[in-house]
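Given the coordinates of chain A, work out where chain B should sit on it, guided by the hints.
Chains A and B, in that order, are what the protein sequence lines are.
Heads up, the first sequence is in the numbering used here, so the first residue is 1 and it goes up one at a time.
Heads up, the second sequence is in the numbering used here, so the first residue is 295 and it goes up one at a time.
Since the hints were made in silico from the structure, they are not lab data.
Hints are not guaranteed to be accurate.
[Stated by the list, open to error] With a Cα cut of at most 27 Å, we get these calculated DSS-like pairs of lysine-lysine:
no.: 1; chain 1: B; residue 1: K305; chain 2: A; residue 2: K42
no.: 2; chain 1: B; residue 1: K529; chain 2: B; residue 2: K507
no.: 3; chain 1: B; residue 1: K501; chain 2: A; residue 2: K100
Number of protein chains: 2
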Amino acid sequence: MGCGAALPASKRNPTAQILESNGRFFLIDCGEGTQSRLRENKLSFEKITDIFISHMHGDHYLGLPGLISSMQLLGRKKRLNLYGPPDLWEVLKLQFRVSKTTITFDFIFHPVESEMLLFEDKKITVSSIKLNHRITCFGFIFKEKPKSRRINGPVVKDLKVPHYLMEGLRNGDDFETSEGDLYANDCLTFSPKKSYSYAFCSDNRIKDSLIEKLEGVSHIYHEATFLDSEKERAKNTYHTTVKEACELAQKVNPELLILGHFSARYEDLKALTTEATAHFDNVVMAEDGKVINF
Amino acid sequence: MGCGAALPASKRNPTAQILESNGRFFLIDCGEGTQSRLRENKLSFEKITDIFISHMHGDHYLGLPGLISSMQLLGRKKRLNLYGPPDLWEVLKLQFRVSKTTITFDFIFHPVESEMLLFEDKKITVSSIKLNHRITCFGFIFKEKPKSRRINGPVVKDLKVPHYLMEGLRNGDDFETSEGDLYANDCLTFSPKKSYSYAFCSDNRIKDSLIEKLEGVSHIYHEATFLDSEKERAKNTYHTTVKEACELAQKVNPELLILGHFSARYEDLKALTTEATAHFDNVVMAEDGKVINF
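Here chain A stands alone, though its shape is the one from the complex:
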C-alpha cells in the first residue's frame, strides 16, 4: 500500500503492506492514508483479520486509528487482532476515549515486547524479530508450515487404498495391502508443495545477528531508505542503504529481496534500482499498489 518513508513523496505513501496467505489477510504497518489506499486497491477492510505494527514512528502507524474507526462505522462484527508495541494500545485507548468511540467488535491487542511466536494456525506461524532502530522496533516473519505430501491419484486408486488411510499417506505413512505387499510412501505420493516464508524488516540498521534470524526465509522485505552515497546518514538515523540491504541478502540468499521505505529525496526509483541490481540478482523495488505473488 505504501513504500515511502516519513516525509510525504508525490508517488509514495508511508509504509503499509497486505500479506495474503491461506485465506487470511494480514496488514503489516499502517501509515497515514492506509484506509484510502486499501479502498483504491479494492481491498475490503472486513477481510483483514490481523494487524502487525512494527514501531511507533508515525509513518508506520498513524493510519491505524482512522482504519479502526472506519471498521466500527461500517458495522464490523468479526474479530480483529492487533500486534504491536504496548505504547500503541495507550495511544489508541486515548484517541478512542476523547472521541467517544466505542469499539463493539472483538478487538484484541497482543503486545509485542520480545522475539516470540505471535500467531499460529494449522498452516502458518507469525513471529516477531527484534530490529535495530532509534526506538524499539520489531520485524515479523510469516512462515507456512511444512505442507502435506500430495496423493498420487492413479496409483492409490489401482491399489484400492481405503479412504481412511489417505491422511496417513499425506503425512508419510507407507501402505501394506491385505496380501502383505508393502508400498513405500514415495511410490504413493508426490513431495509436498514448497512452503514459503516472508520476513518484514522495517525500519532497521542491519546487525549481523539478523542473518541467523532470516535463515531459510524465501522472501525478504527490507527497508532501503537511502542510496549508499548517503550511508553516513543511514547510519546516524538507524536506517539501511540499498547496497547494505543487498549485502544482507547475499548472506541469507532468499529467493526474492523486496526493497522499500525510500526517502522522499529520490523522486523516482532509477538510481535505487541500479544500485540494487548491481549488488543482488533477485531483487525487486516495492511500489505503491504493486502485487508480488509467490
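The following block gives chain B in isolation, referenced to the frame of chain A:
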C-alpha cells in the same frame, strides 16, 4: 483539501481547509492525509502559521501528528500556533513521547474551551463559536477588521496635502488648507474596500442560537453530511442535511454558502447540488482541491 466525512470516499478526503488571508495561511481541521493533499496542491507546510482543530473526531484531526512531524523533519524554524480541544494536546504529547519526537521549533498550543477571541493582528481576528455535536466541537470565525479609506490621489495632490496627514485621511479626518478652506474626508478619499469574513462550521446539528453568531458573516462554510431524505439520521448523529444548512443561510443571508463534509454514501454531488440550489441561491459545493476567492 478535503470535503468528505468520516468514512473514506473515492474522491473525497476528510476535512481540511486552507484559508489564506492577508498573507497568513490558516489550516482549519486536518483529517488523515492532509499533508499529502497540501503537497498535491503545492502548498508549502512552511507557510502555515496557525492551525485550528474543531473537535476530536478522527476525520478532523488524524492528519495532524504526521504533519507536525514532517514540519520538524523539514527543519522548520518558524513559530506554529495550534488552537483546539485540550485533549488534542494530550494526544499529541503522548504520540511525540512514544515516538521520541522532539519538536524544536516554537510550537504553541492554545486550548479552545469556550467562545473566545483566539487570534488578533492588525488586519484580522479569529474567534471560536460553540457548535452542537456528539462531542465538544467549536467552529471558527475569521473576520477582516474594517479597512482604511483609500486616498483619492489626484485630489490630494492638487491640494498639496502634506504626507504626514495621509494616515489621518485614511482614518476619516477632514483637511483644512493653510487658507482655512475645509475639505470633507469624503471629497479626499474613497470608501474602504469591503471587509470579508469566513465562518467554519463543522460538525454541527444547527441550533437557533447559531443564527446570531453568524450575523454579518460574508462567507459561511457549513457541513451538510446528508440529503434531507436522511434527516432522521442527521438528527441522531448530530449532523445537518443540505436543506437544513440552506435554511440557516436563508436566515443569515451570507454572500456565499459553502457546503461540505458529504457522507461517503453519495458517490457524486448531483443530488446534493440539486437539493442545495433548490433552497439557497448563493451556494457552492466544496470539492477537494477547489479554490474559492473572495
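Quick rundown of the hints versus the structure:
1. Restraint check for K305 of chain B and K42 of chain A: the C-alpha separation of about 14 Å stays at or below 27 Å, so the hint holds.
2. A distance of roughly 21 Å separates the Cα atoms of K529 of chain B and K507 of chain B; the hinted pair therefore holds under the 27 Å criterion.
3. Taking the CA atoms of K501 of chain B and K100 of chain A, the gap is about 22 Å. The hint holds against a cut of 27 Å.
Comparing the model with each numbered hint stated earlier shows that all of them hold.
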